[in-house]
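Heads up: the sequence lines are chains A and B, in that order. Counting with UniProt numbering, you get residues 1 to 494 for the letters of the first sequence. Counting with UniProt numbering, you get residues 1 to 623 for the letters of the second sequence.
Derived from the structure by calculation, the hints contain no laboratory data. Careful, some of the hints might be misleading.
In the DSBU-like style, the derived pairs of lysine-lysine whose C-alpha atoms are separated by at most 35 Å in a straight line are [said to hold, decoys possible]:
#, chain 1, residue 1, chain 2, residue 2
1, A, 402, B, 3
2, B, 576, A, 471
3, B, 401, A, 53
4, A, 426, B, 593
5, B, 433, A, 409
6, B, 373, B, 229
7, B, 134, A, 324
8, B, 619, A, 460
9, B, 199, B, 401
10, B, 344, B, 279
11, A, 402, B, 401
12, B, 296, B, 135
13, B, 199, A, 402
14, A, 402, B, 408
15, B, 308, A, 246
16, B, 576, A, 460
17, A, 402, B, 135
18, B, 408, B, 146
19, B, 413, A, 402
20, B, 130, A, 214
21, B, 619, A, 416
22, A, 324, B, 135
23, B, 118, B, 367
24, A, 198, B, 219
Just so we're clear, the structure is a prediction, and the values are computed from it rather than from any experiment.
The lines below spell out each chain.
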Amino acid sequence: MMKELVHFFGDSALQSRTHSQPGSTNIFTGVTADWNVARSLYSIADIQSCTDKVRPVRFGEHLNLYELEVTAYSSGYCLGSANWMIDCGGEKVTIVSSSSTVQNIHPLPFDETVFNNADVIILSDLRDEDGVRFENTLMEIGNCVANTLKNKGNVLFPCTMNGIIFDIIDFLNQHIRAMGLHGIPFYAISPIAEESLKYSNICGEWMCTERQQKMYLPDNPMPHQDMIEQSSLYYATRADSSLQEKYQEPCVVFAGHPSLRSGAAINFIRKWGNNSNNSIIFTESEYNHEEAMSAFEGLQIKPTYLPIDIRLTVNEIANMLREKKPQHVLFPQKIIGNVRPNLPNSLITLYECLDIVNISINSQFVRTVMTENLASNIELVNIGKDSLIASLNGTLNIHNTKTALTSAKNPLNQQKYVCGEFNVAKLINELTEQIYGCRIDEFEEDKKNSSCKISLMSPKATIYLNNENFKIITTDNQTRIKLTKILIDQLVVI
Amino acid sequence: MIKVIPLGAGQDVGRSCILMSIGDDSTGIKNIMFDCGMHMGYNDERRFPDFSYISKTNRFTEQLDCIIVSHFHLDHCGALPYFTEMCGYEGPIFMTHPTKAICPILLEDYRKITVERKGETNFFTSQMIKDCMKKVTAVNLHQTIKVNGDDDLEIKAFYAGHVLGAAMFYVRVGTQSTVYTGDYNMTPDRHLGAAWIDKVRPDLLITESTYATTIRDSKRTRERDFLKKVHDCVSQGGKVLIPVFALGRAQELCILIETYWERNNLNVPVYFSAGMTEKANDYYKLFINWTNEKIKNIFVQRNMFDFKHIKPWDRQYMDLPGPAVLFATPGMLHIGTSLEVFKKWAPHPENMVIMPGYCVAGTVGAKVLNGDKEIYIDAYNKILVKLQVKNLSFSAHADAKGILQLIKQCDPKNVMLVHGEKAKMEFLQEKIKRECRVPCYSPANGETIIIDTPLSIPVDVSVDLLKRHFAAQKLPLPSLDKRIDIMRIKPVNGIPIQGVLTMEPDQIPRLMDVDEAMRDTNLPLRELTFEVIKTINPNKMQKNIDSDICTQALENIYETVRKSLKDNVNDVEVFKDSSQIKIRSMLIRVSDKNFNSLNISWNYRDENMANHVMSIIEKILPE
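Excised from the complex, chain B in its bound form (with noise of 0.2 Å):
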């Protein structure tokens, strides 16, 4: 049985916080964490996950095996430090390198707008991050990591794509397994892969759907929409303001306004407001091998991260006259510089505003999307929004057809959707049913879905018995004079087998063969055998004048048999030759010392197909 429940992420996007329970009682219950993010929308005690719903006396590391982050956005790893360093959670926590090497980057950001900027007082401090991070086990992508060294909880790890590092964890424990996505893009950017997942047919996908109803146009389009809104504005005299986060997006738009600018000999200014993240395009630098083919095979000559064109950003040049372009931080316009200049540009309608990414309810940006022209920040502040306004979908979120993609990929027998709006999600799920033939839930903040999977019992056979087993399969090959039908040959996927199972108290029970078991069990084996002589009523049988009576009951009885048989059990031969029938142990053949007599003897071992071929032959041969 699998049970989740969504502490944040459940009909929401922010705060991606999933608790899943997993196992069976060969394997022990195991409790797993996807991601611990914070709420961009909230600034009180709803920006974290509920803990206590987890444990109301903080025990966290008893109750949990451990947190698996996704990514480094914050809405995924945000809450972290308050978990393990204010909670007090101390077990372990798996992310990917980069996710571990930039995660406390955009942590300590957060801490020092949250308390230096809003001066609040109990929030986690820049030591609380790095004691945090120390708790982290970086992994690479498919490498097979047993958590706490337990051989029954297993995680991997596959590419994503959404953004460096971003990556999706398949956790089997036992015979069941779930694949959480975290965000994921299926389709590959100017600087990123596309996601990957082997098929892996887990019992259950948590998957994201920020965009479950938006099927978007190609890359292409959309980047020479993006270049041709930029370089009319610009050649207008106006100026460009992309609010982007640091780390991802603003990647792959600056290798692209780089490449552009380089073609068509451009010379108005580009800026990138870097501020905490001067040292981000080194994480890319140094990351090359998580980013996509080109930009790895080209990075000797060429490092795709030292940009020509683009200049380190400075307060001062807000006021400048002309035009410009500026990438500014953070991407949603909620603080930070990418508000201080929107404040200043907007009310000048030569001027643009493109929001390349999704932005949160209640954010400026979302309001900025939402078309409003006047928008307050606080009670006594409200910008004019004059400048014109553009919407990019460059989130490297998986689109409807992306997520079916991914879905039909990894093969999955329930799906589970968050990351997402309620209503678009509803959408989605309707379409997954219909689409995969699925069930598919999408569960609100503190709603338990329960899966029932099929429970499996951990066996130990015998190598023995199994090579005998192997050895013994015949490969039903077709006869000489048949035609070979090339659509039905196939990879023989099931093997009957047959033995005995011992067990013994706290032991894995065992399969073996009947002599290694009773060796084992020191019970001596009886071999029990039988001899019916059936005596053949002449007056009952149908005469045929050609042979004698002994042979034409052998003929009848070898055809029933033999059609009941392949009916039944199609891998027992039945063999015959002019005077005897054979069965595995069974020997039906003419008596020799009776008259009209046929003699049967078989092993007890075949008493129920003894049994099923007794009955056929009283058919038959009625006394």
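In isolation and in its complexed conformation, chain A is listed as follows (with noise of 0.2 Å):
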């Protein structure tokens, strides 16, 4: 796709160099047909080089990134498009791309399972509105082709040579062999062309379940690659006369670029524009048609609009969601202004171009584990109802984003913890019983704060008793030692 962009409009003669966002499509709007000598985007150098830094991942494939863990999902979108589920410590983050659930097309389907368990669901590319079916949007254009043909015209796709373009070429083949029309070849003309046609057929792992059938029998996974072979389509970078030779019409040119502004789309219409038999559709939904025709004046080539955009609608990923139970759905502002998903309000953060969103997210919990050593050095209270319950102290081992609780380096950072209920009678028993010669001299009691203060005589120390809070004070650690096996035996220790 960059390749193709770069041939299209990069490489110009300017050298000063204004680096574009790449993948960013707003860069066509408003271009005009000198616009490429004004700006220059990367070069073919650039890319590969780019591209060389690319670590290729497969779906399912967890990659351990310093404390993150990151995932890809297939998106169903196109070739290798992806989803992605970023696992930071037990919280759990989907970024949702392009994506798509429209059935019957080349690529993998989209992976529901990218949203499991996820705290945080980040939606960006989505369309608004359900819009026309993919199946109609495909018969209208097979219609319009076959109409067209049968009038001995020719049919000019401009479009990019990715994507969504290799169902519609395998549809159209169909469809007009359906219809009875034979021996129409097909040309598809763009510096990229033969690298993504033939690309696109040893990548068979990432398509749908039938395309991989294919690939084991051993036929061709894309429908297109027989019809390269059967010499029914054609591939070339350019409309010139390396094309000739094959060259017969009438046909259907499947042409860069989209926005009619560079490529062999341009040669097409010059060709074919003064006659009202021939057809131009518009098949790509990011391009503005009309715009894309307005630099051409008094055409007759007759031009049809049938925009085939298969992104998830917030209508479906809202169905999706309801069931998947995540703390915040993050949309796009500009979306969310013309359709209100069907989730609770309170799911629903909006976000527009470079805001910031902060979310707390409050995972509870992260699973890791203890090692036997450990576990067997741990004391377990019974607190009633078969609950068990224990101080731990150990060291937690960090290796390779792995943990695991093992024993600690010292016991004496071992802590202890007092609770449960305590009775302030039983405690003055349990001291005048225990302690041979326990004079107890003092006893105050402040029922209004639940409180009391006990003083020994002998041995010598004081006892107070406020709510949850005891403290003991004396003179010796012996009577204090003494003092305190009394008074937690009524508790709970752990």
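These two chains come separately, so use the hints to put the complex back together.
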């Protein structure tokens, strides 16, 4: 795609290199035919050097990036298109990019498991309304092409040579044959046509099940490869003499660029523009066909606008998310302007370009493991109803983002806690019973604050009891230990 | 605990089939079968693994959690349709996409030879092969798959390089893990890349050991050797027979011959006896992504598997005069075209046979390699072997160096050898124990190996607790005056953690902060604090005239406690100023009410540490 872009609009003679944002289609809006002279994109060499730095991953491959685990899931939009799950210590964020649940297209279907246990879901490239069904649009395109061909006209598709166009080529091939039109050649004309067509055919693992089955036979998973082998589809880098020997009319041409500002599409408009038998069909929803056509005047060729947009709609995503129970769903503001997703308001956060959105996730627990050694040293206390409790002092080991609890380096670090119900009378009872010659000198009870003070003459000590706070004051440690033992006897010590 | 039993490939090559039980109480025991192969050397029931070992009553689906097939060679997948369609195993089966594609072709070929040529009846049918393959789940490299949706049973494939689509499999059950290599090759060749695995530190590595004792010279030398032998033979008018398996080595050697023929402008005919595998090269064209980088990068301009010089073989060519080169299947000369042609060409000394792979004992190929001059095919037919016999180690197995390299790469705690000959294995076993310092086993078929793995219990740790402990962790930064030794700076890999563990029946134990735990259990938490007024006996103190007795006592306590705690617990900080010492909740200060006394207070939480400190104080300040 990047190469195609550069071939169409890059490599200009000007040395001043203004870097545009790659992947952003906005750079085409309002461009003029000589736009490519004014600005230059990155070069083919830049693309190579850039893609050399890319680490390829497969769906379902867990990547450990420091403390993050990142996993790609199929988004069903085109070959290799992915949504991402980022897992940061148990907190899961799902990032949804261009995705599609349209049936019967070539990519591996949308994988809904990307939403499983996600705390936050960030949505980006959505469609606001449901629009026409893909199958219907495809059928209309088919009829439009068939009618033109029957009138001995030619059809031009201004398009990029990737993605849904593979399905259009396949469908048209079957459709016009079914309509009794045989021997109509298809031409794919783009600097990357050969590469794109051939490369897609070796990516069978990234396609839907039916295509994978073909690959196992071994048949070409991409029907356009069969068409190439049967000489019903030809590819060429540009509309020049190399095309001449295999060229015949009427025919169907797929040529770039959909903005009609560069590429072979322009040659074909010049060639066919004055005959109303010919058709030009715009299928790419990202480009404004009126603006594209505005560069040419007095054309007879019949323009048809049948945009194909297979992206997920707000409604589709809302339906999917209703059962998934995320804590936050982030929608792009500009899409939600037109349609309200059918989800609880508390879930939804809107964002705009350059917004910084802070989200607090209160995930409760993360799973780790403890070693046998540590477990065997834990003293569990039964606190009723089969519940057990224990104080634990260990070391949390971190290795390659995998954690494990092991024995503590030193038991002195072990902390103890006391809890449970307490009875003062029982304490006094126990004190007199267990300490020989114990004399309680003073006993003050303040019922209002439920606090009391017990002063002992022998051994000399004072015990303060105040709600949850107990305090023992002594002059020697032995007495303290003795009193503590009596005191905590009633309580649960962990 | 991990328990492994080879049903095949134990101290043997062929019929690979290894059973593994892995897991503990928290995950449950999982049973996994690695490969389900047949033996080339047998035609009776010994050709398949003895599955009755798994279940006497054919209840295989209950017994096994999954089957993992490493690659498409029949000694690794040949018994699969038998096991799924005739024995009734219906559970999941995993293999890579190319294996899933190619496996049925080889199985069908094997079935044809067995049923149609040898006339056996009780054998799997074509339909059974198709039904069997429908049960297979295809996997991608590095894709983590949860078997049966079980979080505790995870498998992941790594590139093995041996043949198209060959994979090594990492299996994790809870905290226990195993790597099964299948067959692999650590050196890249003309069409495939080298095996690669991450440092997964499995409890057990099960590796093949076909070339346990061989250390091969460089690939380039071997290639040059091969081409020279072929060229010499054809230039003297001889015929060269190269027995190969249709998929794998054949493509590598074809690329080699193709480029050599092109470079040297040779026109001696080269044939490829394809037979059932006319489409063999098509698989390579569709699965280019599984070959090596070079082939991948140039495939748009030129698909390396479109051969110009290599033509399909016809039986009539067998008797044509003049030189020729023929790649014929199968590779062990035990049957089919390669054996047929061998019979014809063997009696002529100008001809040559090049054995580029490994031959299972008992096959004609093995006898040829052994140097036998008269070979009996059956009771009545013998072949006189007069042609030149060359052996070239082209089969894509790791050699001893490669096996050790893989062990170092994945860093296992135990190693087990399979898929090799007993004597060679023993040699390698010693070498591994010596050089890698890990226990190494090589069980025979049916022999059980038990590997103890440390038990580990899953715990859910409260995120709040973790965050608090992470935040409290201070990096041991060197002070300014110290020289920074860069070698000593390393990431923190263990932090002390303190919390309360709660356990409910049938639930994973939870570790959390004490306050959280108390909230959950509805128990009121009590704070118990102590105050001990310690009177100093001035007569038992060494007098220092400069300072008063309490300050001096405090000073002594500070020095001793700090030293003692530093030896024991280095994450407890001891603070001191002129009138007090603070260690966690413990406060030791000069009493303002009582003369010559220290006031020592602490919270019961720190009882362990306080007791330790108190015993020190008792020693310093006796009554």
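Hint by hint, here is what the structure shows:
{"no.": "1", "hint": "402/A to 3/B", "in the structure": "holds (25 Å)"}
{"no.": "2", "hint": "576/B to 471/A", "in the structure": "holds (24 Å)"}
{"no.": "3", "hint": "401/B to 53/A", "in the structure": "holds (31 Å)"}
{"no.": "4", "hint": "426/A to 593/B", "in the structure": "holds (32 Å)"}
{"no.": "5", "hint": "433/B to 409/A", "in the structure": "holds (31 Å)"}
{"no.": "6", "hint": "373/B to 229/B", "in the structure": "holds (21 Å)"}
{"no.": "7", "hint": "134/B to 324/A", "in the structure": "holds (31 Å)"}
{"no.": "8", "hint": "619/B to 460/A", "in the structure": "holds (22 Å)"}
{"no.": "9", "hint": "199/B to 401/B", "in the structure": "holds (18 Å)"}
{"no.": "10", "hint": "344/B to 279/B", "in the structure": "holds (27 Å)"}
{"no.": "11", "hint": "402/A to 401/B", "in the structure": "holds (31 Å)"}
{"no.": "12", "hint": "296/B to 135/B", "in the structure": "holds (30 Å)"}
{"no.": "13", "hint": "199/B to 402/A", "in the structure": "holds (13 Å)"}
{"no.": "14", "hint": "402/A to 408/B", "in the structure": "holds (21 Å)"}
{"no.": "15", "hint": "308/B to 246/A", "in the structure": "holds (24 Å)"}
{"no.": "16", "hint": "576/B to 460/A", "in the structure": "holds (30 Å)"}
{"no.": "17", "hint": "402/A to 135/B", "in the structure": "holds (34 Å)"}
{"no.": "18", "hint": "408/B to 146/B", "in the structure": "holds (27 Å)"}
{"no.": "19", "hint": "413/B to 402/A", "in the structure": "holds (17 Å)"}
{"no.": "20", "hint": "130/B to 214/A", "in the structure": "holds (14 Å)"}
{"no.": "21", "hint": "619/B to 416/A", "in the structure": "holds (25 Å)"}
{"no.": "22", "hint": "324/A to 135/B", "in the structure": "holds (30 Å)"}
{"no.": "23", "hint": "118/B to 367/B", "in the structure": "holds (22 Å)"}
{"no.": "24", "hint": "198/A to 219/B", "in the structure": "holds (31 Å)"}
Comparing the model with each numbered hint stated earlier shows that all of them hold.
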